[in-house]
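*Asks:* Chains A and B are the protein sequences, given in the same order. Those letters in the first sequence? Residues 1 to 83, by my numbering. Those letters in the second sequence? Residues 1001 to 1196, by my numbering.
Treat each hint with caution, since some may be false.
As the list claims (entries may be wrong) - Taking lysine-lysine and the PhoX-like style, the derived pairs with C-alpha atoms no more than 20 Å apart in a straight line are:
1. B/1117 / A/39
2. B/1189 / A/41
3. A/39 / B/1189
4. B/1117 / B/1189
5. B/1117 / A/41
As the list claims (entries may be wrong) - To list a few chain B residues with every Cβ distance to chain A over 12 Å, as calculated:
6. 1007
7. 1022
8. 1026
9. 1033
10. 1082
11. 1087
12. 1101
13. 1112
14. 1127
15. 1135
16. 1180
17. 1187
Worth flagging that the hints you see were computed from the coordinates, not collected in a lab. Small disclaimer: the values here were computed from a predicted structure and weren't measured. Where a beta carbon is used, it is the ideal one built from N, C-alpha and C, also for glycine.
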Amino acid sequence: MAIRVTLDRILIERRMSLTDLSERVGVTLANLSILKTGKAKAIRFSTLNALCRVLECQPGEILSFEPGEGEIELAEAETEAAE
Amino acid sequence: MRALGKGSIASAVKAVLDVARWGLWLAALLLTLAALAYIGLLALTAAGSVNPALLQDLQAHIHLRPNVEYRGPPEVSWPVILWAFAVGGVAIGGGIVIVGRLRRLFEGFSSGEPFRKEYAGHLRVIWIAMLTIELSRIALSALLAVMLRLLDHSNGTVSFGISLDLTTWLSIFVLIVLAEVFREGARMKEEQELTV
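Model the full assembly from the supplied sequences, consistent with the hints where possible.
*Replies:* Right, dumping it as structure tokens:
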């Protein structure tokens, strides 16, 4: 999965622990850990909404797209197919 | 009748599977003993220790119906009996695999989590086992026809026919589809579990 979740940096900036975040967002610590470690397969808009509200940030500040080699090859193949 | 728990359909099917498992292992043991005894008898007859008439008398009382029709000397009936042992062995072995996987499937359903990757794997093994049994039956019958033709020097007639049991093949296709449905269900369940 090329989507990266960068909760660590913003938690340090906001001086908040993962436990505090889980209590304020209303998501279990286990689920937040899954999100933080990059094991999550999907995120609900309601969860993203709650995270951005509590952390006072934009979705782009906690989510980023970092394509690996496979993703780049796939994008190139799709471009060639479109042409 | 309830779906799960004591007195339910699942518990009744599990009991049947338990009986089937013991029955198949017993059949496997009996088949192995019978095959060893028959091969021993063949060896002793070939060595001259046993009167061939005894073997022919024994074989005359065994009625088997392979997919092969043979009209020739009765001395070549031993390939038919060995064919029966081979087909029986494959069927019982396949049955043990199928019943074993079905039992594990039911244990999973009873635990309340039917959509797991390993259960899709069990269904896949089951349809592969059924396919193997059917294809082995056809292959062994073809091999029997060839053996009868090679062993019989009196030019007896050998005719081989393939009979396809549509019910069995349809069951295999149904299981293939079910295995894929469960695989997709397991993938969706995993995705749901990892959705935050």
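*Asks:* Now tell me if each hint is right for this structure.
*Replies:* Consistency of the hints with the structure:
1. B/1117 / A/39: Holds: residue 1117 of chain B and residue 39 of chain A sit about 18 Å apart, inside 20 Å.
2. B/1189 / A/41: Holds, at roughly 11 Å.
3. A/39 / B/1189: The given pair, whose Cα atoms are some 15 Å apart, holds under the 20 Å limit.
4. B/1117 / B/1189: holds, 10 Å
5. B/1117 / A/41: holds, 16 Å
6. 1007: Since the minimum Cβ distance to chain A is about 36 Å, residue 1007 of chain B lies beyond 12 Å and the statement holds.
7. 1022: holds, 42 Å
8. 1026: holds, 47 Å
9. 1033: The claim stands: residue 1033 of chain B keeps its Cβ more than 12 Å from every Cβ of chain A (closest is about 53 Å).
10. 1082: holds, 53 Å
11. 1087: holds, 47 Å
12. 1101: Residue 1101 of chain B clear of chain A: closest Cβ-Cβ about 28 Å, beyond 12 Å.
13. 1112: holds, 20 Å
14. 1127: The claim stands: residue 1127 of chain B keeps its Cβ more than 12 Å from every Cβ of chain A (closest is about 28 Å).
15. 1135: Non-interface label on residue 1135 of chain B holds, nearest chain A Cβ at 38 Å vs cutoff 12 Å.
16. 1180: Since the minimum Cβ distance to chain A is about 20 Å, residue 1180 of chain B lies beyond 12 Å and the statement holds.
17. 1187: Its Cβ does come within 12 Å of chain A, the nearest being 10 Å, so this is violated.
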